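Student: Since the structure of chain A is provided, determine the placement of chains B and C with the ligands on it from the hints.
What follows is the residue order along each chain.
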Amino acid sequence: MREFEYVVPDTLEEAVRLMVEKGHRARAFAGGTDILVQLRSHRFEVDLLVDIKRIPELNQLACSEGEGLTLGAAVPCYRIYEDPAVARLYPALVDAISIIGSIQIQSRATVGGNLCNAAPSGDSIPALIVLEAICNIAGPGGHRSVPVEEFCTAPGRNVLQEGEVLVSLHLPPPMPGSGAHYLRFTPRNEMDIAIVGAGASVVMDDARQRIISARIALGAVAPTPVFARKAGDLLAGKEANEESIEEAAQAAMAAARPITDMRGTIRQRIHLVGVLTRRALRTAILRAREV
Amino acid sequence: MPDRIRVRTRVNDAEVEFLCESRQSLLEVLRDVLGLTGAKEGCNDGNCGACTVIMDGRTVNSCLVLAVEAEGRSITTIEGLASAEGLHPLQQIFLDEVALQCGFCTPGVILSAKALLDREPRADEARIRCWMGGNLCRCTGYDKIVRAVLRAGEAMRKGAS
Amino acid sequence: MTITADQENQGPGQLRVVGTRAARHDAVDKVTGRAQFGADVYMAGLLHGKFLRSPYAHARIRSIDTRKAEALPGVKAVATAGDFPIVQKQPIEFAQSVRGSRITAEVILAHERVMYVGHAVAAVAATSFHIAEEAARLIEVDYEVLPAILSIEDALKEGAPFLHESMTTQFRVDRFGRGEDTGVKSNIADHIQLKSGDLEQGFREAEVTVEREFFTQTVHQGYIEPFSSTAYWAPDGHVTIWTTTQGIFNVRSSTAEIIGVPESMVKVIPMEVGGGFGGKGTFYLDPVAAVLSKKTGHPVKIVMTRKEVFEGTGPGSASHMRVKMGADRSGRITAAKFYLAYEAGAFPGSAVAGGATTGTGQYNIENFQIDGYDVVVNKQKAQGYRAPGQSQANFAIETVVDELAEKLGMDPLDLRLKNVVQEGDRMPSGVPYPRVGLKEIEEAMKAHPHYSAPLEGPNRGRGIAVAFRWQGGQGSPATINVNSNGTISLITGSVDLSGTRTTVAMQAAEVLGLSIDDVVSTVGDTDSVGVSGGTGGSRVTFDTGLAAIAAAEEVKRQMSARAAQLWELQPEDVEFRDGIFTCTKNPADRMTFKELARRLGSTGGLITCSVYAPTTGVGPIFAGNIVDVAVDLETGKVDILRFTSFIDAGRAVHPGFVEGQMQGSTAQGIGWALSEEFFYTENGTVANSSFLDYRMPTSSDLPMIDTVIIEVPNPRHPFGLRGVGEVAAVPPLAALANAIYRAAGIRVTRLPMSPGNILEALEEKSAQR
Ligand SMILES: Cc1cc2nc3c(=O)[nH]c(=O)nc-3n(C[C@H](O)[C@H](O)[C@H](O)COP(=O)(O)OP(=O)(O)OC[C@H]3O[C@@H](n4cnc5c(N)ncnc54)[C@H](O)[C@@H]3O)c2cc1C
Ligand code: FES
Ligand code: FES
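Chains as they are written, first to last, in this note's numbering: chain A, 1 to 291; chain B, 1 to 161; chain C, 1 to 769.
Calculated from the structure, these hints are not laboratory results. Hints may contain errors.
Here are the simulated EDC-like pairs of lysine to aspartate or glutamate, each with C-alpha atoms no more than 20 Å apart in a straight line [said to hold, decoys possible]:
| # | chain 1 | residue 1 | chain 2 | residue 2 |
| --- | --- | --- | --- | --- |
| 1 | C | K637 | A | D261 |
| 2 | A | K53 | B | E71 |
| 3 | A | K22 | B | D3 |
| 4 | C | K446 | C | D414 |
| 5 | A | K22 | A | E5 |
Computed from a predicted model, the values in this text were never measured in an experiment.
Okay, chain A solo, but in the shape it has when bound (with noise of 0.2 Å):
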């Protein structure tokens, strides 16, 4: 690995402001567990390592039922699944990223980082789409806010510009009714990436029999996490029950375009994500049913 500056600016100005001067050579530092693997396997190099954690907007964690939960995007994964009203509120997120890495990793790895390296099957990212979350975006020209289903353009890349840094994501409050979950297949059951993973949220009537909008987002089975926007919508309206589940999954596998690679063939590709997103949408419906 070739030596690199590295810096730990205070606020968000500086951090732009460094990100901007080194261009592309500069890159943001987080948790750091995907970016210096990548940089001692030189996948690519830098000039500047831009430490994100001690800006003040990346470490909020706010979470309440009226507001919904702001997410730095520095802030670790066990932060955030320890935090109380996380765990009750989106319990679909915390399913995600309890599984990323290890112990160790967790202490480390954040969901902005997740997100930013931008690979099909980052755990979080399928999970942030059904909970339909927004990044906050600050860059030279000032603050933007993306869907979270527009981030990722390709493996390891998204849509900020040079000089651009993720601040935040935020996600509404769940509505009354609404349950979601994230799963992942892997042969192991821990340190593994995901050959498939599938995310799933519904929110239901009042008497927890009909579905009156789902969401369905898939990892690993495209270039990008997929939000597969008509499976969910064809469950709107209709009964929660094993049929229309079915009808989904089948519209979840014809929206994924999986290629085969040392972690899965296509065919199982295509196989599992019919079988995680009806166990995705089965645990989703219980959990809208027990609050």
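Tutor: The following block gives chains B and C with the ligands in isolation, referenced to the frame of chain A:
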């Protein structure tokens, strides 16, 4: 030679100061600069846990922490566990239960177990297996490790009461 | 649980130390982080070495330009194969008698051709690891890419190019034989054949036959400590090497040959070893570190990265096997035909002979033919992996035997008991078995509550398998120094991978009536101890134990003579029992070992005894498994619900260590069975060269592994022990395959039985309906 950065930190309850390059990991500095070779390098990419240390109360892979990030932190390595009074209960029980073979994973395993038991002394087998997932051991099949951690939990609870 | 069979053959009476759970000699160092492993070597002026490796599976090296690398500030030297005198002096030869250091040198640094992706081409020494790494990337190699052979199938194809133009097949009928040169040019380096009886007649007698084809993938030992070595070439020509290895004397002799110095000029110091499992039975770094040290005048340390371990060290062979077996109505196995082809990697030497000579060894079969082929391909040179070659073969045989039992409607353990080998029966090699405990294992498995426990829940199944392995046999020395306080220091020369310092010391303590705390046990370096066999083949507790016993016996003899001197008697008049020397003429004259030790100084000085003990030969050892699984039919994932491992340890010197060996072996077997494999890309690159994607079991993937130790004493050892380090790794593959069959109705004949492969098998099954 690139410029070196001065870092002040606490390691095993002692103030420590060192010079390092930005690209050096905490693991490298612990081993090469501070002579604390108890943390091991098995993969250098976060997958084996042999380099596990406790930083501000949380276990981390020291291979995935930059040495410069240690500034102002408090770090515990395996060398910090035993005291003049003797071994830490976990160390003693690992010894008694033969919870090691080659011993290469052992420092990381013990630190992970310590971090767990410090928070959850009643951790059961399933919790232990899940918590220790980031510490690969190729020799033991984990059986005796898990049993040792269960026993240590018991012993530490008794000791505390 | 320990079951002792054969009480009357127990040999020595009550044992006091052997059979206890003594504390390990190295344990405190290992739990406190003080133990010194290879990479923990630091010294003044230390330089760091780093390799450049081939991106091609097969290419001619036209030229190597090191100028840019050398120009980088901090770089002190660059080495290539040309720096090894052996490369200049000797061509590579393939006849078995001359394979050896020249081929080792070629694996360590490619000379004219790179033979696999990851083959080392050059090495740099620099003032820091980072600079060495940068410099290695600046070395420019001009390659002429050649066609590569990446599978057994392609290697054996009609008209396939030969990997080595000068290689011809060697044919042999004995595992350790030299074989005869067939003169046939081929990618088959070796053909080993074992035959008995009349195969056709055997199949005619069969009521049922099963014929199956099997494929297993390349796997890695997966030791957590990467290879490392530090060498210092002193101005006077002495070379000192601190290294992680399973065999210091092998490193010494081969390194000396490769770097062209007399063996006596090389001293190898063993560091603690972070796992080897056969992988560290060879070496990759030491001669390079030595040459770089010579060039720079500094000590040079090289530590492999994990990627280098996966790409550049010897894995366990991939294999292709075919089995046909028949049995008559009574369950007697009447015939077996077994074809095995193992990938050797780029140079000869897979463990196919290990598979050929053991695969059917748990059965008494009159008519069989076994043909094993060692096939070269453009991959890393294969290396031993815990019971080398045997897991693959056992997977094939035990799956087929399970199917025979099914066809006959017999309980799979009854079928095994029907054909069980016992004393006097013959191994596949023709050698008769001494007293062995397979029958006792199978009976214990049948009687074990696990075997009859109800299996509730959907898609669950229980499988079994048994396995045969032998433990190695090589001579070993041991030295005992008696200290004036009555303690002893014991020095041996086979590296301790898993507690053998203690198990060997326990045997010496037993003989001398001492407690284990009275023995300081050390593994010496190559200058301080006699030539010892390497640590492998489950041999150290056995072979080095024999040496420790012999040295202790000699101590006993000399101490008795001193007692006789004090009592003014003949040595024959002194008896030693339970740690006490007694005068037989006047039983009131008694002295403990410690009392006598205190008086050694005044009776001619302290005592040192060194003994070289030849081995009493290789010995058979058996293991068995019962395993329950649940298969998720939707995802293909297998969960292990319960695992019981059985072994005949002969005598468990330290039951805790025996259990540990069984549990660790089992975990490796499970990984091989379910999740581990190298994914080679089309150009021969290992795509999953990290612990993330080479999926070894984590703690959350395994259940507790229950152990049953059976003790049928080994007649070739005074305390009856057998080497337990490997055999338990063999049966899990087939036991799991058989359990999966019962859970999901599919016979998976391709390893690993990963979710993807299981899903495919399930699809095939439903397509057949
Ligand atoms: C052993 C191991 C296991 C893993 N297991 C999993 C797993 O199971 N599932 C999974 O999804 N991932 C896994 N990962 C990958 C990684 O841990 C996660 O993606 C993690 O969430 C990344 O977060 P980080 O803070 O460490 O990111 P970093 O490495 O700090 O950053 C990642 C990328 O995002 C950029 N970046 C980070 N923050 C910002 C920001 N605020 N603004 C702009 N750019 C930013 C960085 O420049 C970099 O390019 C694993 C990694 C390891 C080493
Ligand atoms: S060396 Fe850090 S996790 Fe393996
Ligand atoms: S004891 Fe060897 S890796 Fe755990």
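Student: Take the hints in turn and mark each one as holding or not.
Tutor: Evaluation of the provided hints:
no.	hint	verdict
1	C/K637 / A/D261	holds (18 Å)
2	A/K53 / B/E71	holds (13 Å)
3	A/K22 / B/D3	holds (19 Å)
4	C/K446 / C/D414	holds (9 Å)
5	A/K22 / A/E5	holds (11 Å)
In the structure shown, no violation is registered for any of the earlier numbered hints.
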